[in-house]
Structures are given as C-alpha cells and as structure tokens.
Amino acid sequence: MRRFRHAPLNVALAVVALMWLVPTLGLFLTALRPQSESAGSGWWRIFFEPSQITLNNFLDIIGSDFFGRSIVNTFAITVPTTVAVVVIGALAAYALAWISFPGRDGLFIAVVGLLVVPLQMALVPVARLYGTLGIFGSILGVVLFHTAFGLPFAIFLLRNFFAGIPKELLEAARLDGGSESRIFVRVILPLGVPAIASLAIFQFLWVWNDLLVALVFARTSSAPITVAIQQQLRQFGGNLDIISAASFVSMVIPLVVFFAFQRYFAEGLLAGSVK
Amino acid sequence: MLAPALVFLGPALLILVALVVYPIVATVIFSFQDRTGDGFVGLANYREMLTNSRILTAIRNNVIWVLVVPPVVTGIGLVFAVLTERITFGRAFKTIVFMPMAISLVAGGVIWRVVYEDDPDKGLLNAGVRAVGAIFSAPGAYVGAGPSEGLREDEGALVLADPVPAGSTVEIGLLRLGASDIPEGARPASVTQPADGAISGAVFRDFTPGEEGTRGELDAGEIGLPGVAVELRDAAGEVVARSTTDERGRFDVPSLPPGSYQVGLAASNFRAPFSGIEWLGPALVTPAIIAAYTWIWAGFAMVVIAAGLAAIPREVLEAARVDGAKEWQTFRYITVPLLAPVIAVVLITLVIYVLKVFDIVLVIAPSNVQDDANVIALEMYQTAFGARNLGLGSAVAVLLFLLVVPFMAINIRRFRAEQG
Chain Z
10 MRRFRHAPLN VALAVVALMW LVPTLGLFLT ALRPQSESAG SGWWRIFFEP SQITLNNFLD
70 IIGSDFFGRS IVNTFAITVP TTVAVVVIGA LAAYALAWIS FPGRDGLFIA VVGLLVVPLQ
130 MALVPVARLY GTLGIFGSIL GVVLFHTAFG LPFAIFLLRN FFAGIPKELL EAARLDGGSE
190 SRIFVRVILP LGVPAIASLA IFQFLWVWND LLVALVFART SSAPITVAIQ QQLRQFGGNL
250 DIISAASFVS MVIPLVVFFA FQRYFAEGLL AGSVK
Chain A
22 MLAPALVFLG PALLILVALV VYPIVATVIF SFQDRTGDGF VGLANYREML TNSRILTAIR
82 NNVIWVLVVP PVVTGIGLVF AVLTERITFG RAFKTIVFMP MAISLVAGGV IWRVVYEDDP
142 DKGLLNAGVR AVGAIFSAPG AYVGAGPSEG LREDEGALVL ADPVPAGSTV EIGLLRLGAS
202 DIPEGARPAS VTQPADGAIS GAVFRDFTPG EEGTRGELDA GEIGLPGVAV ELRDAAGEVV
262 ARSTTDERGR FDVPSLPPGS YQVGLAASNF RAPFSGIEWL GPALVTPAII AAYTWIWAGF
322 AMVVIAAGLA AIPREVLEAA RVDGAKEWQT FRYITVPLLA PVIAVVLITL VIYVLKVFDI
382 VLVIAPSNVQ DDANVIALEM YQTAFGARNL GLGSAVAVLL FLLVVPFMAI NIRRFRAEQG
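Residue numbers (the working numbering), protein chains in the order written: chain Z, 10 to 284; chain A, 22 to 441.
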C-alpha cells in the first residue's frame, strides 16, 4: 500500500535520476562514435544506426604518445601524493592528538585555519621557488604542492579521529615501555584505518581530478590527463572524438574508486565539509 | 615531550611552512609590487583591480555564483534527501546523483559542453527545446520564399498591398522557390469564382519557364502552393478569417460581412526552423555553467543532509505525526529546524568552494566568451600565468583570500565550540 501511495513520487524521481544519468551517457556514446558522425549529428543517433559504434577513439587515446603519457603521469602524480599526505598527515595528527607539548592547541587551530586558504595564494611564490630549485615543470613539484595543500585536511581529519581512541589503550602501551613510534605503528595506525581509508580515497580523487595545480606546475611531458583534455578544448567541435574519449577514460578510475568505496568517500566528504 | 613531537610534526611543518605559509606572506608582498616583482607600486594593483572591467566582471560573476549556487544546491539536496526516504529505489537514486562528485570538473564540464551544443541536431538540450517548440510553432513550409509584385512584408507575414472588397478573387505570387521547395502533389494553380460575400484566390509560384508571364499575376502553367496559411484582416488589422490552400494553391473564405479586407500569408509559412539557443553565448554562459555545477554538487548536499536526517530521532517525527501534524508541517517545523546546523555547514562549504570556482568555467566557456563568464580564480590564473602580471595576479589572489577569511573564522569558532 505504502509503495502504491508514492507512485507519482517514484515516477518523478525516476525522471530526475534520468536527468542525472543522461548527460554522462551522452558523453560515453559520443566517445563511441567516429568524428565524421559527431560532426553532423547528436549521440542519440547511435540508437538508430548502431553500426557506427567504434572503439577507435579509445584505442587512439591509449595509443597516442600525448594521452598515453598523460594517463601515466596522472598515476605518477596521484599515487605518491596520496601516500605522502596520509603518512605525513598521520604522523603530525598523532603528535597533535597524543603528545603534549607547549603550543599544541594553537598549532592545531592554525592548521584548521589553513583548511580553507585558496591555493591561488601560493601559486606565484611557489612557481618562483620551483624555478630556483629547478623542479618547475616536474612531477615532483606537482606532488609536493598537492601534498602541502592536502595536509591541513589530512591532519584535521586524522587528529580528530585519533583523539577519539580510548586513552587506556595508549597508556597501556606506554606502560609496557613502548616508544612513541611503536605506539604509532602498533596502536594508532591499526585503529585509525577507517579514517585513513576515507582520507586516502578523498585525497586520491581530489588529486586525480585536479586541473589548476597541474596547469601551473606541469609541462607537456609531465601533464596529467585533465590538462591534456583542457588543451584540446579550443577546437571543441573538431576534436570531439578525442575529447570525449579522453574525458571518459579520465572518469574510469574515479568511478571505480567511487563504486568500490562509496561509503568511505561519503565519510571523507562529511568530515571535509569545512575545506 | 617537545623532541618526539618535533619528529612527528617535522615533515608536515616543513612542507606547510615552505609551500603554504611562506607563499601566503610572499603573495601579499607581491601584491604591492609591479608586474615582474622588481619594484613596489603601493596600492596600484588594488586600484587597477577595482577599475579593470575584466576583473569587475569576474567579481560580479562571483557574486552571482555565491548568491545563487549555495541556496539552490542546498535546497535541491534537502528535497532529494527527504524524498529519497520515501521511494523504492532510494539507494540507487542517491548513488546516481552523488556520482558526478567523483569525476573531475574537467570531465563534468566536457559532459555539459556536449549537452549545450548550439546545433539542435547535436546538442541534447537544444534538441529538447526544438522538440517541445515544434508542438507550439512548427517551422514553415516555405522558408526563404519572397514576395512577388503587389505584396509587401509585414512582421514576417506577406500581405497584398491593397485591401480587396468581399466578392473578389486575388492572385498571390511567391518568388525564390526552387523545385525542391514545392511540396509533392502540388498541381498547376487555378482560381475559382467566389460566392457572394466571399473572397477566394490562389497562391502560386510566380515563375514560368522562359519568364514569359507577368509578375504578380497567375499565368498559365504556374504551379499552385498547397498548405499555405492565408489570413484576412479587417481595417483595424485584426485577423477575421483564416484559410489554407489546397493542392492547386486555391483558398476560399466564404460569407464575409461587406467591406474590404487585407489578404495576406501568415508569418508561420515562412518561420525559419529553430536553430538552437546559444547556451554558451555571452548572455547565458554563466547560468549554463551554474546549472552544470549544480548537477555536480547536488549529490554532496543530498548526502550530507541525508546523514543529518538519519540522525534525527524517529520518535520526534512520530510524536509530531501523532499530534496530528501534516507531512508538510512536520517537515517545516520539525525536520528543517533540527537540520539547521547541517544545512549551515553545507551552505558554508558551498560558499567556500564557489568562491574558488575555476576549472568548470575554463572548460565550459568557449574561449570567445571566457571574459563574459570570468570569475576571480580564473582571472587570477589568467593574469598571473597568462598575462604574466605577477603583481596584479597576486592582488587578485589576495582578494580571493580576503573573501574566504570570514568563513575561515567561522570554521575556527565552530571548531573551538565543538572542542568545548
């Protein structure tokens, strides 16, 4: 009875769900059509003429030096950044949660303050700094910048989680003569897994999807796929085959991560709704 | 305990100081320097910022973004969060709406650029507008036809220059029609004599091989134009009768009151087919990008609010219902107030993100309208790294920073309150 009563609502929300699905579907189907077809008609023609379906656009993307390399670069930027943010952030979060030292609370408040600083505030000086250090245009430079701007959120999220770990567990470990590093590895990290997982997924997607940082600090040989796509946009209509296929390729990993770890992603977002 | 603390904090502090704290200070200093960072110029960059029309457009657009996006996205998220609790596929719905949050704004932007294509044959949105529009105003069958002798144009319609009395016949010729413009089944035109008080006539292609005929008159062999909408107007210009031509181009309007009438062919005959709304033109580009951004972020608002909703004790809502509160009243007076803190967090988060909006504008706005769609973060990038004006670029960055500071303060206050 209850379901029946809500039939109009079910229909209405099904229409809304379609509105959210169709644009993405359109991109996918565009990527399956040759440029000669996309130049003259919309992706929905594919339903009337299924013979036009081709995987060539995807093969071209994966086979091209430029895009192939950009996919490799995306991994080379995202994976080290995620590891660095988690490790460095967890170390700092532990100190801020469980080691007492003068100025600790003030330091943590400062980190909370850094959460919302627009990264535009750092682009110009860091670009100059990188020039001096000779790492402008390198993947290392991109990784370091992302790490720096990922840390405040990492420290914020992990410190709050670590602070909730029962005091008795740590005190017992300390009484057993465990050093701080032993406690960190044996007690904090295992108990912190849920928060660390949320952070890692959030950070991974954040960096994978970044455009601005890479646009400023990467050069063609170190550019991730977002930059590679952006560079094709001036000829949007003429390059639609390449652009749509590359965009879809760029979405595959985030979507896999999303569907595999949706809960952790949502929790990371909930914790991060201050950033 | 300072030594172990430093070991743990060291790497983070080093990176944060070198790549966040020091640059913030340096950017502030740069904002008072010239375009190469070699000399101080006082407040010149800030003065430039408040007079430069590009930057003012960026600021104005950012104001629009901040005023529109947070309330709209939060409102949609609230509605979705509440409604998904009542449908059978709530989980699937949430996943679908939340999904765009996982992909890059670059990919999201490309998705919407395809949707917004001008050509209704290629862009989904314009195809939809055309399909709906065709119900109300179908394109004419004689697009491109021109008036022959004796006709003049009047707001898209073609009318006979001289009014005719009831009981007359009229001959209306059209030019500039090729063989392919003539509908199948059209036959040589003819005119029938009208009954008393009627007006009849023919609409025909005013063309004979060898140009032997007379312009504006029906010559032997000229072809009739079927399906033309004919309108008769009275002296006041009101349409008093309509008719449609048959396969010989004939029409007939019987039993008119005495008087003279202006005979014309309706504008609908010549209406050009829909060529697409220019979604990404200067006028609509910002609303179009905002719509795409809403599509991406609605899932965020929905998920956060749904989590807040789940935390409301069921008994509270049940109690309200037992007390006879209607669904809407429960929502308005119980659910929304209890959700207020969550809604505030969503709003603030959106304001902070929207102030920094960048990628999606760069991706969706075609290069020739990028100035019209400009926002502060984009302007900062273009000035500092496109035009290589370090001083002005830094000043724009400082503006962005100052706009975010109040929200930073709110965060810190809230955080302190939570810590008790």
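It is worth saying that the hints were derived from the structure and are not from the lab. Every value quoted in this text rests on a predicted model; they were computed, and no experiment measured them. Hints may contain errors.
In the SDA-like style, the derived pairs of lysine to any residue whose C-alpha atoms are separated by at most 25 Å in a straight line are [stated by the list, open to error]:
no.	chain 1	residue 1	chain 2	residue 2
1	A	347	Z	269
2	A	115	Z	269
3	A	347	Z	31
4	A	115	A	437
5	A	115	Z	176
6	A	347	Z	176
7	Z	176	A	351
8	Z	176	A	24
9	Z	176	A	364
10	A	347	A	374
11	A	115	Z	20
12	A	115	Z	58
13	A	115	Z	31
14	Z	176	A	437
Please verify whether residue 176 of chain Z and residue 351 of chain A have alpha carbons no more than 25 Å apart. Since the Cα atoms of residue 176 of chain Z and residue 351 of chain A sit roughly 42 Å apart, the hinted pair is violated (cutoff 25 Å).
Decide if the proposed pair is consistent with the structure: residue 115 of chain A and residue 20 of chain Z, CA atoms, cutoff 25 Å inclusive. Within the cut-off at roughly 15 Å; holds.
Given hint residue 31 of chain Z paired with residue 115 of chain A - CA-CA distance at most 25 Å: Holds, at roughly 15 Å.
For a C-alpha distance cap of 25 Å, please report whether residue 115 of chain A and residue 176 of chain Z respect it. 38 Å, violated
Does the alpha-carbon distance linking residue 176 of chain Z and residue 364 of chain A stay inside the 25 Å limit? Roughly 33 Å between the alpha carbons, so the hint for residue 176 of chain Z and residue 364 of chain A is violated.
Can you confirm whether the C-alpha distance between residue 115 of chain A and residue 269 of chain Z stays at or below 25 Å? Satisfied, since the Cα-Cα distance of roughly 15 Å is no more than 25 Å.
Pair hint residue 347 of chain A and residue 269 of chain Z, alpha-carbon separation not exceeding 25 Å: 40 Å, violated
Take a quick look at whether residue 115 of chain A and residue 437 of chain A sit within 25 Å of each other, Cα to Cα. 33 Å, violated
Hinted pair, alpha-carbon criterion (25 Å max): residue 347 of chain A, residue 176 of chain Z. Please report holds or violated. 47 Å, violated
Given pair status - residue 24 of chain A, residue 176 of chain Z, alpha carbons within 25 Å: Between residue 176 of chain Z and residue 24 of chain A the Cα gap is close to 21 Å, so the pair holds against 25 Å.
Between the alpha carbons of residue 115 of chain A and residue 58 of chain Z, is the straight-line distance 25 Å or under? 33 Å, violated
Are residue 347 of chain A and residue 374 of chain A close enough, with their CA atoms no more than 25 Å apart? With a Cα-Cα distance of about 36 Å, the restraint between residue 347 of chain A and residue 374 of chain A is violated, given a limit of 25 Å.
Checked against the numbered hints listed earlier, the structure breaks hints 1, 3, 4, 5, 6, 7, 9, 10, 12; every other hint is satisfied.
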